[in-house]
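Student: The chain contents come next:
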Amino acid sequence: MQKIMVCLKRVVDYNVRIRVRPDGSGVITEGVKMSINPFDEIALEEALRIRERGEAKEVLVVSIGASQTQQQLRTGLAMGADRAILVEESDAVGPLTAARAFLALIEKEKPELVILGKQAIDDDNNQTGQMLAALWDRPQATFASKLELAGNQATVTREVDAGLEVIEFDLPAVVTTDLRLNEPRYVKLPEIMKAKRKPLDMTTLADLGVERAGSLRTLSCEAPTARGKGVMVENAQALVKMLQQRGLLS
Amino acid sequence: MTRILIVAEHDGSKLNPSTAKCVSCARGLDAEGIDIAVFANGGDDIAAQAARIDGVDRVLQIDRRENAAPLAAVLAPQIAALAEKYSHVLGPSTTFGKDVLPRAAALLGVGQVSDIMAIEGPRTFKRPIYAGNAIVTVEAPGDGVLVATVRIASFEAAGEAGAADIEKKTLDVELPAHTRYVELRSDRSDRPDLQTATRVISGGRALGSGENFDILYRLADKLGAAVGASRAAVDAGYVPNDMQVGQTGKIIAPELYIAVGISGAIQHLTGIKDAGTIVAINKDADAPIFEVADIGLVGNLFDIVPELEKLIGDRV
Ligand SMILES: Cc1cc2nc3c(=O)[nH]c(=O)nc-3n(C[C@H](O)[C@H](O)[C@H](O)COP(=O)(O)OP(=O)(O)OC[C@H]3O[C@@H](n4cnc5c(N)ncnc54)[C@H](O)[C@@H]3O)c2cc1C
Numbered sequence: 001m002q003k004i005m006v007c008l009k010r011v012v013d014y015n016v017r018i019r020v021r022p023d024g025s026g027v028i029t030e031g032v033k034m035s036i037n038p039f040d041e042i043a044l045e046e047a048l049r050i051r052e053r054g055e056a057k058e059v060l061v062v063s064i065g066a067s068q069t070q071q072q073l074r075t076g077l078a079m080g081a082d083r084a085i086l087v088e089e090s091d092a093v094g095p096l097t098a099a100r101a102f103l104a105l106i107e108k109e110k111p112e113l114v115i116l117g118k119q120a121i122d123d124d125n126n127q128t129g130q131m132l133a134a135l136w137d138r139p140q141a142t143f144a145s146k147l148e149l150a151g152n153q154a155t156v157t158r159e160v161d162a163g164l165e166v167i168e169f170d171l172p173a174v175v176t177t178d179l180r181l182n183e184p185r186y187v188k189l190p191e192i193m194k195a196k197r198k199p200l201d202m203t204t205l206a207d208l209g210v211e212r213a214g215s216l217r218t219l220s221c222e223a224p225t226a227r228g229k230g231v232m233v234e235n236a237q238a239l240v241k242m243l244q245q246r247g248l249l250s
Numbered sequence: 001m002t003r004i005l006i007v008a009e010h011d012g013s014k015l016n017p018s019t020a021k022c023v024s025c026a027r028g029l030d031a032e033g034i035d036i037a038v039f040a041n042g043g044d045d046i047a048a049q050a051a052r053i054d055g056v057d058r059v060l061q062i063d064r065r066e067n068a069a070p071l072a073a074v075l076a077p078q079i080a081a082l083a084e085k086y087s088h089v090l091g092p093s094t095t096f097g098k099d100v101l102p103r104a105a106a107l108l109g110v111g112q113v114s115d116i117m118a119i120e121g122p123r124t125f126k127r128p129i130y131a132g133n134a135i136v137t138v139e140a141p142g143d144g145v146l147v148a149t150v151r152i153a154s155f156e157a158a159g160e161a162g163a164a165d166i167e168k169k170t171l172d173v174e175l176p177a178h179t180r181y182v183e184l185r186s187d188r189s190d191r192p193d194l195q196t197a198t199r200v201i202s203g204g205r206a207l208g209s210g211e212n213f214d215i216l217y218r219l220a221d222k223l224g225a226a227v228g229a230s231r232a233a234v235d236a237g238y239v240p241n242d243m244q245v246g247q248t249g250k251i252i253a254p255e256l257y258i259a260v261g262i263s264g265a266i267q268h269l270t271g272i273k274d275a276g277t278i279v280a281i282n283k284d285a286d287a288p289i290f291e292v293a294d295i296g297l298v299g300n301l302f303d304i305v306p307e308l309e310k311l312i313g314d315r316v
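Just so you know, the sequences run in chain order A and B. This note's numbering numbers the first residue of the first sequence as 1 and each following residue consecutively. This note's numbering numbers the first residue of the second sequence as 1 and each following residue consecutively.
I should point out that these hints are in silico values taken from the structure, not numbers from a laboratory. Among the hints, erroneous ones may be present.
[Said to hold, decoys possible] Below, simulated DSS-like cross-link-like pairs (lysine-lysine); rule was C-alpha separation at most 30 Å, straight line:
#: 1; chain 1: B; residue 1: Lys222; chain 2: A; residue 2: Lys146
#: 2; chain 1: A; residue 1: Lys229; chain 2: B; residue 2: Lys222
#: 3; chain 1: A; residue 1: Lys241; chain 2: B; residue 2: Lys310
#: 4; chain 1: A; residue 1: Lys241; chain 2: B; residue 2: Lys14
#: 5; chain 1: A; residue 1: Lys229; chain 2: B; residue 2: Lys168
#: 6; chain 1: B; residue 1: Lys273; chain 2: B; residue 2: Lys222
#: 7; chain 1: B; residue 1: Lys273; chain 2: A; residue 2: Lys33
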């Protein structure tokens, strides 16, 4: 295969403790650590491994976001991607708009495989890959924990509620990653230096001829209701007694 | 006019309880009509089960050979074809619904509301973001069909005293052949289903091995509980992936949740926020799980769990 396209989203790092803005307009993102969405990092790792096995020639990383998103694309290049494209948009885009933009990039770049995370850990939507596959009219293999390629076909093991589902499909296709697909590599310092010289092209939704669609309006944002303070018990006996008192054991 | 179509989830013979939870959500929308679509190869039994759910007007049975397995690429165009006559299309926020509904939404040219927790208006809903660390109220603008998934831990299943009509339907939709179902591998057990059990015991990395999970199974059997796990326990290979509870596993709402040797990472807590009572057993008094636990017990799980098993005996 010639090319794999990997979609990365810049998100608040998963270790950051999320705080809601006092005015209810969203969560605080100023001054917090930003990273590649962990699922997308797994997507990139998978693409790199496929290329390193000699099954693909080029790995292209793409993202949609504000100018600072170049940092995450540079990290992707340092991990080993060959090239990057940023669709620069300072306002957040919803999944359908993102899928439209990725489709426009697919039409230009003609990848045989697109890999992205099953969800972004900010909005937790779990939609973009599926929407992209629909608009592209190609197969989707979501929640992948194993991906095998054989010529212009692929087999994916999917993590589903009932266990592991195996599907087989023709390329080109969209694969979305689950956590157990692989463990992403660490970036080494020399790679970061090298990544600075790799190509990172900029474009916009307007340049791509993409109109926004399907966005939801956020009316308010609140912290979840906290659970009441609990009690500590000394031993197993006391625990059983307390469960009985609460009617949870007879 | 509010007319709602619900996409049924099933395994080829049994309707998944998530469907009756979607019906509860739909009933909160003051609908004039609630229909359930059953896509199956055959599917008479499943349609009959769907017809018994309270509040359902019609069950549409789309019996087609291609519908034998739940492939999104095959189901989405059929859902899109049915959607025209509805104001809302709902499905469960399970791996089935998460896979299929966004594909249908994109075919319809609309966005999707994922994980409805509460209804604020016909097109306004509450949903969790950032692993449940914030709750947003979102509105779907416009007047196109609204596609959404329902966070099943947020709704009680509708009752089963209904008698809806069952209508067989043939859809003139061309289906792709580019995706083929191979198999489902699952460790079938007689234990209660994790997503619907009223009691759940989960084990974490601290269990140390698959064999050690036996002490949890024995206690679970005494309690009639389902057994779950943290991601660390699944990653370590102690138990299969379908037991993972949390942001990227199952979101559950049992009456009683017992976390054994689980530290309480936010991604795990996301999955249990709606539990009635959370019990934590951990040897580290500073473990974050104690911040959310209703009842905490500091100690070695390898002493406490067998003791609990003895104490509980057959008293359940
Ligand atoms: C994007 C993303 C998504 C994730 N999704 C999920 C998810 O869906 N579900 C999930 O669970 N995690 C998820 N995680 C992982 C999560 O961050 C934690 O790493 C994981 O939950 C830790 O599992 P654990 O509590 O079993 O292990 P640990 O954090 O290692 O905790 C083990 C605990 O056991 C206690 N312990 C050790 N020995 C004993 C003993 N003998 N007796 C009693 N207690 C003992 C220790 O004190 C400790 O608190 C996700 C992470 C990321 C980045």
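Student: Next step is simple, just say for each hint if it's right about the structure.
Tutor: To see whether the hints hold, each was checked on the structure:
| no. | hint | verdict |
| --- | --- | --- |
| 1 | B:Lys222 - A:Lys146 | 36 Å, violated |
| 2 | A:Lys229 - B:Lys222 | 28 Å, holds |
| 3 | A:Lys241 - B:Lys310 | 14 Å, holds |
| 4 | A:Lys241 - B:Lys14 | 38 Å, violated |
| 5 | A:Lys229 - B:Lys168 | 53 Å, violated |
| 6 | B:Lys273 - B:Lys222 | 24 Å, holds |
| 7 | B:Lys273 - A:Lys33 | 26 Å, holds |
When the structure is compared with the earlier hints, violations turn up for hints 1, 4, 5 and for no others.
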